[in-house]
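I would like the entire structure built from these sequences, with the hints used as guidance.
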Amino acid sequence: MAIVLETLLKILFMFLLIMGMVPALIWAERKGAAYIQDRTGPNRAGIAGVRLAGLVHPIADVLKLLFKEDVTPANRHKALYNLAPWLVMTVAVSTYAVIPFGDHLTVAGRRIPLVVADLNVGLLYVLAVASLGTYGVVMGGWAANNKFTFLGGIRSTAQMISYEISMGLALMGLLLVFSSLRITDIVAGQGELLFGFLPKWGVVVQPLGFVLFITAVFAETNRNPFDLPEGESEIVAGYHLEYSSLKFALFFMAEYCHMVVGAAMISALYFGGYQIPWLPRPVLEAHAGLLLTIKLVALALVSAWFALLFLRRVQRERGKFGDARDREPVLGMVFWAGLAAAAAGALVLRPWAIGPVGADLVATLFQVLAFVGKVVFFAWLFIWVRWTLPRFRYDQLMNLGWKVMLPLGLANLVATAVVMYLV
Amino acid sequence: MSFEGLPKGSASKQRSFLESIYLVEVVKGLVVTARHLVDNILHTDRMPTMQYPEEKRVYSDRFRGRHRLMKREDGTPRCVACQMCSTYCPADCITIVAGEHPDASIEKFPESFEIDLLRCVYCGLCEEACPCDAIRLDTGIYEIAADQREKFVVGKEFLLNDTTRGTL
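Taken in order, these protein sequences are the chains called W and A. Going by the numbering used here, the first sequence opens with residue 1, and the numbers climb by one from there. Going by the numbering used here, the second sequence opens with residue 1, and the numbers climb by one from there.
FYI, nobody ran anything at the bench for these hints, they're computed from the structure. In this text, a Cβ means the ideal position worked out from N, Cα and C, and glycines have one as well. Heads up, a few of these hints could be off.
What the hints assert, rightly or not - Taking CB as the label site, the calculated pair distances span:
id	chain 1	residue 1	chain 2	residue 2	range
1	A	Leu42	W	Ala342	43 to 53 angstroms
2	W	Ala60	A	Thr139	32 to 42 angstroms
3	W	Leu347	A	Val58	52 to 62 angstroms
4	A	Arg165	W	Ile11	55 to 65 angstroms
5	A	Thr139	W	Ala79	52 to 62 angstroms
6	A	Val31	W	Val418	29 to 39 angstroms
7	W	Asn145	A	His36	37 to 47 angstroms
In structure tokens:
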């Protein structure tokens with residue numbers, strides 16, 4: 001019974017992490033794109049006149065998509081047309097099952113590994129599920145009975161086939177180094193040190209493999225510069241052209257879920273997952289109290305600094321707009337001041353003197369935070385790259401996939417094998 | 001890459017090795033966008049975006065904007081319904097129905113004077129064609145909106161008196 005409950009809780013945590021990150025990423029995408037292009041970005045939707053730099057826009061978007069009319073093409077294949085968005089979404093979230101978000105947590109003497117399903121064929125599962133996502137795209141493209149969606153689906157198939165091979169080859173290099181298909185083993189292996197000072201992260205032992213993998217992940221997620229299946233300047237909107245309302249929302253959300261999955265995979269396989277460099281789990285547990293104190297003090301200081309910045313804005317911009325937006329800096333100041341006060345107040349509880357149970361909890365918390373931090377960074381990288389690079393032309397895409405990445409992947413595999421044999 | 005039909009020595013052949021493996025160039029591009037991002041976050045006040053309904057651009061004095069009809073001292077329109085403006089109009093958006101003026105020295109006056117603001121290209125040729133300075137494009141009003149096409153066809157009374165900005 002306990003195992004069912006803890007698995008459900010872990011699933012809930014992962015699900016909330018993804019679903020919480022999706023609107024945040026949509027906001028970051030729109031606002032980040034705007035700032036990169038010297039624009040202001042969304043800042044109109046608001047609650048009671050408070051606009052919070054466009055943070056309310058995702059909610060407005062969701063409401064709009066929920067209540068829109070669901071326009072469907074007359075000659076669609078009904079079953080596949082309806083199934084496609086759900087398939088894409090399901091596949092996008094199910095990859096998370098094998099990605100560990102922390103080492104373990106001890107509750108009432110039970111050691112709970114912080115991964116939903118600790119599969120011994122985790123890597124194969126990731127590859128298998130990732131390629132299933134293409135079916136949703138192809139089905140959606142074909143079932144809508146439209147030339148452009150069909151082209152989008154075809155492009156998606158060709159792209160997946162080309163890049164999945166490089167992805168597999170890159171992962172095989174990693175497999176040789178850590179000699180396990182179990183992702184928890186790979187992440188645990190990355191906690192060691194190489195030559196006594198370098199963290200044995202995937203990116204350190206497999207730099208070429210990392211470059212190949214991250215490129216393949218960008219292609220798998222259909223993000224720029226590999227978003228040919230969408231290619232709005234060429235084939236209107238690609239595979240999701242004929243979808244509207246909630247079904248379109250599912251495709252849209254699935255894209256962001258894929259981004260989070262991609263980011264989680266990159267961090268788990270090549271950036272040590274939940275590992276904090278030079279701070280392995282035993283060290284973390286031994287100094288948990290000290291680290292927590294440092295963390296709280298740092299949080300209090302940074303929050304206080306932000307609160308001061310907002311206070312200066314409050315003074316400088318008093319009555320600037322003459323409406324509810326004047327309250328925004330005040331709200332920001334209250335939020336950061338509250339956080340600073342909470343962090344400082346927590347110091348009263350003597351965090352440096354926590355017991356062994358607390359130490360375990362704090363160590364886990366730090367590792368989960370490290371993982372989430374890495375995921376957030378790589379999710380931002382997806383957005384950052386999208387607004388930097390132009391889309392590949394189709395022949396360039398194929399050239400890169402077959403003539404560059406495939407030979408490089410093979411060479412990387414052979415080189416890794418030779419080195420592993422000699423060492 | 002070789003592509004039949006591409007001229008020899010096209011861009012793809014002149015790439016250096018470093019450029020052809022993309023990675024360095026990608027990182028350079030990322031640095032450029034990151035610089036813009038950080039600059040704009042730190043100096044939101046330098047952003048060129050104008051928050052339109054709250055802030056409005058100041059146009060030059062010669063900016064034309066929507067038409068108006070001029071009045072005589074007694075308040076009747078100066079227009080003598082000579083049809084010069086509607087004849088000259090390149091967008092064919094002016095419709096005038098002439099009537100006989102009680103004062104024989106004036107001869108005619110417009111019984112109706114309609115401008116389709118959706119067809120108008122705001123070129124100002126009507127203003128130039130007018131022999132008695134009855135129509136001018138000098139209101140500076142550029143915010144013209146309505147929820148029905150019919151409302152954009154404005155008549156004599158509107159052109160003589162109205163100064164609505166925004167929804168008609």
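Going down the list of hints, with the structure as the test:
1. Leu42(A) <-> Ala342(W): 43 to 53 angstroms: About 27 angstroms separates the Cβ atoms of Leu42(A) and Ala342(W), which means 43 to 53 angstroms is violated.
2. Ala60(W) <-> Thr139(A): 32 to 42 angstroms: The hinted range 32 to 42 angstroms holds for Ala60(W) and Thr139(A), with Cβ atoms some 36 angstroms apart.
3. Leu347(W) <-> Val58(A): 52 to 62 angstroms: Taking Cβ atoms as reference, Leu347(W) and Val58(A) lie about 54 angstroms apart, which means the hint holds.
4. Arg165(A) <-> Ile11(W): 55 to 65 angstroms: holds, 56 angstroms
5. Thr139(A) <-> Ala79(W): 52 to 62 angstroms: holds, 60 angstroms
6. Val31(A) <-> Val418(W): 29 to 39 angstroms: Once the Cβ atoms are compared, 35 angstroms apart, the range 29 to 39 angstroms for Val418(W) and Val31(A) holds.
7. Asn145(W) <-> His36(A): 37 to 47 angstroms: holds, 42 angstroms
Of the numbered hints stated above, the single one contradicted by the structure is hint 1.
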